[in-house]
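Novice: Chain A is fixed; fit chain B onto it per the hints.
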Amino acid sequence: MKLGKIITIFCVLLFIASAVAAVFIMKNGTGLINGLDVGSGQYYFTDIPNWKHYFLTDAYDCPFGIPFLTFLFVVWGVIMFKLWVWLEKKL
Amino acid sequence: MSDKNTEIVTAEKSKFSDLIRKEDWLAIWIGFIFIAAVTIGIASGAYDLQAAKFATWGKGEAAFLDIFKEGTIPNLILTFVIFALLFGIGAVLQKKSIKEFIPAFLGLFVITTVVRIISAQVIFNRYLEFAFWALLIGLVIANTIKTPKWLKPALQTEFYIKAGLVTFGAEVLFSNIRKFGLYGLGIAWIVTPIVIIFMWFLGTRVLKIKNKSLVITIATATSVCGTSAAIAVAAASKAKKTDLTFAVGISLIFTVIMMIAFPIFIKLTGLNELMGGAWIGGTIDSTGAVALAGAALGDLGQTSATLVKMIQNILIGFVAFAVAIFFTASEKKKSKSSVGIGEIWYRFPKFILGFLAASVFTSFIAQNLFGAEATSTIISNLGQFRTWAFALAFTSIGLETNFGELKEQFAGGKPVTLYVVGQLFNIVLTFAAVWILLSGTFFPVPTLN
Numbered sequence: 001m002k003l004g005k006i007i008t009i010f011c012v013l014l015f016i017a018s019a020v021a022a023v024f025i026m027k028n029g030t031g032l033i034n035g036l037d038v039g040s041g042q043y044y045f046t047d048i049p050n051w052k053h054y055f056l057t058d059a060y061d062c063p064f065g066i067p068f069l070t071f072l073f074v075v076w077g078v079i080m081f082k083l084w085v086w087l088e089k090k091l
Numbered sequence: 001m002s003d004k005n006t007e008i009v010t011a012e013k014s015k016f017s018d019l020i021r022k023e024d025w026l027a028i029w030i031g032f033i034f035i036a037a038v039t040i041g042i043a044s045g046a047y048d049l050q051a052a053k054f055a056t057w058g059k060g061e062a063a064f065l066d067i068f069k070e071g072t073i074p075n076l077i078l079t080f081v082i083f084a085l086l087f088g089i090g091a092v093l094q095k096k097s098i099k100e101f102i103p104a105f106l107g108l109f110v111i112t113t114v115v116r117i118i119s120a121q122v123i124f125n126r127y128l129e130f131a132f133w134a135l136l137i138g139l140v141i142a143n144t145i146k147t148p149k150w151l152k153p154a155l156q157t158e159f160y161i162k163a164g165l166v167t168f169g170a171e172v173l174f175s176n177i178r179k180f181g182l183y184g185l186g187i188a189w190i191v192t193p194i195v196i197i198f199m200w201f202l203g204t205r206v207l208k209i210k211n212k213s214l215v216i217t218i219a220t221a222t223s224v225c226g227t228s229a230a231i232a233v234a235a236a237s238k239a240k241k242t243d244l245t246f247a248v249g250i251s252l253i254f255t256v257i258m259m260i261a262f263p264i265f266i267k268l269t270g271l272n273e274l275m276g277g278a279w280i281g282g283t284i285d286s287t288g289a290v291a292l293a294g295a296a297l298g299d300l301g302q303t304s305a306t307l308v309k310m311i312q313n314i315l316i317g318f319v320a321f322a323v324a325i326f327f328t329a330s331e332k333k334k335s336k337s338s339v340g341i342g343e344i345w346y347r348f349p350k351f352i353l354g355f356l357a358a359s360v361f362t363s364f365i366a367q368n369l370f371g372a373e374a375t376s377t378i379i380s381n382l383g384q385f386r387t388w389a390f391a392l393a394f395t396s397i398g399l400e401t402n403f404g405e406l407k408e409q410f411a412g413g414k415p416v417t418l419y420v421v422g423q424l425f426n427i428v429l430t431f432a433a434v435w436i437l438l439s440g441t442f443f444p445v446p447t448l449n
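Residue numbers (the numbering used here), protein chains in the order written: chain A, 1 to 91; chain B, 1 to 449.
By construction, these hints were calculated from the structure, which means they are not laboratory data.
It cannot be assumed that every hint is accurate.
What the hints assert, rightly or not - As a list, the in silico BS3-like pairs of lysine-lysine whose alpha-carbon atoms are at most 25 Å apart:
| hint | chain 1 | residue 1 | chain 2 | residue 2 |
| --- | --- | --- | --- | --- |
| 1 | B | 210 | A | 89 |
| 2 | B | 59 | A | 82 |
| 3 | B | 208 | A | 82 |
| 4 | B | 212 | A | 90 |
| 5 | B | 210 | A | 5 |
Excised from the complex, chain A in its bound form (with noise of 0.2 Å):
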């Protein structure tokens, strides 16, 4: 049998699993934490009960200002860009 074949049979049957744990784990509440109003379901930051106390408070003094880390930004965004788009050809 070859291993792209092992590999797939193992990731399907590991998905099996985790579907069934995830049941059993509902079924339980297994993982929240008392008087902590979230879990996986809430899928963007702003669905978290409390997100305006991140975002209204800084816990991190960041020594850089907007512009600077947006520079970093943009320029790693365009390098990958590129870089996929180069490779997408290549390979």
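Specialist: Same frame as chain A, now just chain B:
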């Protein structure tokens, strides 16, 4: 499967009249109307426009009937009227029958309301929320009693998704980029595109999955932030509804497991809270699961996890934008002619621009004009409209999908392999970034309050 009705986005030649006739543009106007109406109310103090929201009920929370107290019903009616009016006008402008649309939309809204009430149950709310229940209830109806014909004029999945995404753009605060400085940027932004590219080539070249939209939707759900990112990128890549269903489903299942397993594993390894939290923030798909798993480590773990995830959340719009350009260019290349700017423009999913414009508005204009507190209230209220739009979309998807299509999507387990291997790569690479940036070996350890 690739006909117009099964795609999230369809593109045609641009005309000036597209601004009031095409779904992409109408979605932008609807999103902007939501944003303007909520912002004017909050900024002027004249009114507080909110969509209906159901309080969590059951198991130690409020009793089931309590969710209908405190003006819920009038607010539900108001929500219906607003959505029916805006999407009804949209239907008229797209030359669809309003007489057929309104009763159909009422039916869809009632089903979606049931979905939202069920998903407000405490356990369902914590673990799965509306997307899962909308899909499940829709699928059960479609595959048992069959979706009635009169309901079909309201099943405009793409329209609800696009309008919801433009509204959602207002919640994507680029100003959050400063929240964890270079540390957050390094963990969230260096790793994410590498994982996307890795998963793209794993899916398209190694696993040879032919459905490229499915590959990019799964890759983005894995590397950015689960359901929210999957919705945006599925729309940007013209994915089929079943692609989105599959990506969301697989992400939700593994998120539940990772939310429990990750903190346990981190405690066993003895990794400190700061690093453990950042690792969680960079890997677990859903933001709520990140907050919960981080909290299981401690206060510092929760803060670290949430900050990294908040920065990763910023990426949704930019990744969707890049994917839209990539797929638009790829589409054109298939026709073997050169790719011009004009060509790219008319094939480009325009609603992405609305999404980015909404993000710029709240990130830089609203915060400066009205302050952070008022902006946070605006965002909270818009979040409810976005949730309704997405819930309508997911219910529509369920009502239009049969189990056979989902079975086809399984493609011999390849998409599952893509998710599992990609997530493992994400976990390893994020740990490397966390160790380099936060272990104190190369850079000073940051202080979080």
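Novice: Now tell me, hint by hint, if it's right for this structure.
Specialist: The hints, checked one at a time:
no. : hint         : verdict
1   : B:210 / A:89 : holds, 17 Å
2   : B:59 / A:82  : violated, 51 Å
3   : B:208 / A:82 : holds, 22 Å
4   : B:212 / A:90 : holds, 17 Å
5   : B:210 / A:5  : holds, 17 Å
In terms of the numbered hints stated before, the structure departs from hint 2 and from no other.
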